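What follows is the residue order along each chain.
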Amino acid sequence: GAVVSQHPSWVICKSGTSVKIECRSLDFQATTMFWYRQFPKQSLMLMATSNEGSKATYEQGVEKDKFLINHASLTLSTLTVTSAHPEDSSFYICSATVDPLLITDTQYFGPGTRLTVL
Amino acid sequence: QKEVEQNSGPLSVPEGAIASLNCTYSDRGSQSFFWYRQYSGKSPELIMSIYSNGDKEDGRFTAQLNKASQYVSLLIRDSQPSDSATYLCAVEPNFGNEKLTFGTGTRLTIIP
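Going down the list, the protein sequences come from chains A and B. Using our numbering, the letters of the first sequence map in sequence onto residues 115 to 232. Using our numbering, the letters of the second sequence map in sequence onto residues 78 to 189.
Same shape as in the complex, but just chain B:
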């Protein structure tokens, strides 16, 4: 069974610090990786997608992928209270119109 594992948290980070969120996956052949942010009572919102090993930066967010270690992470720099949410890692086995497997999410709280 394909699995995506995340620490459920809660993870508390002081405002302005770097928040580090981690995710591991079991299907070594997975091709596409996504980070979604979900506020309480709302649907997920895409933050980042990453397909190749290494880092991908978008504003305050950096996704890191290591396929050999089956590990993907999300760094949030200069954390803001508005970043407080649950972060979902999602993995897609093959590129294109395939179903996503979601982790259970990590609840992040930014402390002012």
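Isolated chain A, as found in the complex:
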């Protein structure tokens, strides 16, 4: 149980294009999903918290107009990197909390999406 998937696992795009990354909870309903970014040899940095049916909450310094997050259902959240540039190249990872009753609050991570912008 508690499986989170991401698609695609890797993507290469040209500068100026937009890229959509999907995050799905496969065997549970996730009221809250999180989006992280990890640059090489650095730790995970939270970008935004996504709640189903409401606007995402972005961390300080993260441009909400550049990183569009849509949590359309209890099993799907998407991150769209708009007008991507080489500095957006990174490892993007989503996570979801598995227990809406808050008996546990563990975040389970998807496998990540490696974005390379040329």
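Worth flagging that the hints you see were computed from the coordinates, not collected in a lab. Some clues are possibly wrong.
[As the list claims (entries may be wrong)] Chain A side only, calculated, beta carbon under 10 Å to chain B, not exhaustive:
hint, residue
1, Val118
2, Pro122
3, Phe142
4, Phe148
5, Gln156
6, Phe181
7, Asn184
8, Ser209
9, Gln221
10, Arg228
11, Thr230
Note that the structure is a prediction, hence the values are computed from the model and not measured. Where is the CB? At the ideal position from N, CA and C, for every residue including glycine.
Position chain B against the provided structure of chain A, taking the given hints into account.
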């Protein structure tokens, strides 16, 4: 600013020995603590969660929490080469659906 500090390593431990990983945090009110393992190029994988002071054991792994000292550790017994990875400490300020603050991770290498 809430911080989570870890020694970046690398930490080298002989196979079969005990690996000890340490983490300190600045927010005294933090409630939930997690250890994740991350292999190179992969996403983090949960190893342990701990919420109360003391020790929590799961197989070869033991998490230790001391809230008074704002310190959490992870012990890995009978270390195996497959344990070679980066170990991330994560702290949550309040229980339930709150954002995690990650340390920078400790790179562990188990020497056969």
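Those earlier numbered hints the structure runs against, lowest number first:
2, 3, 6, 7, 11
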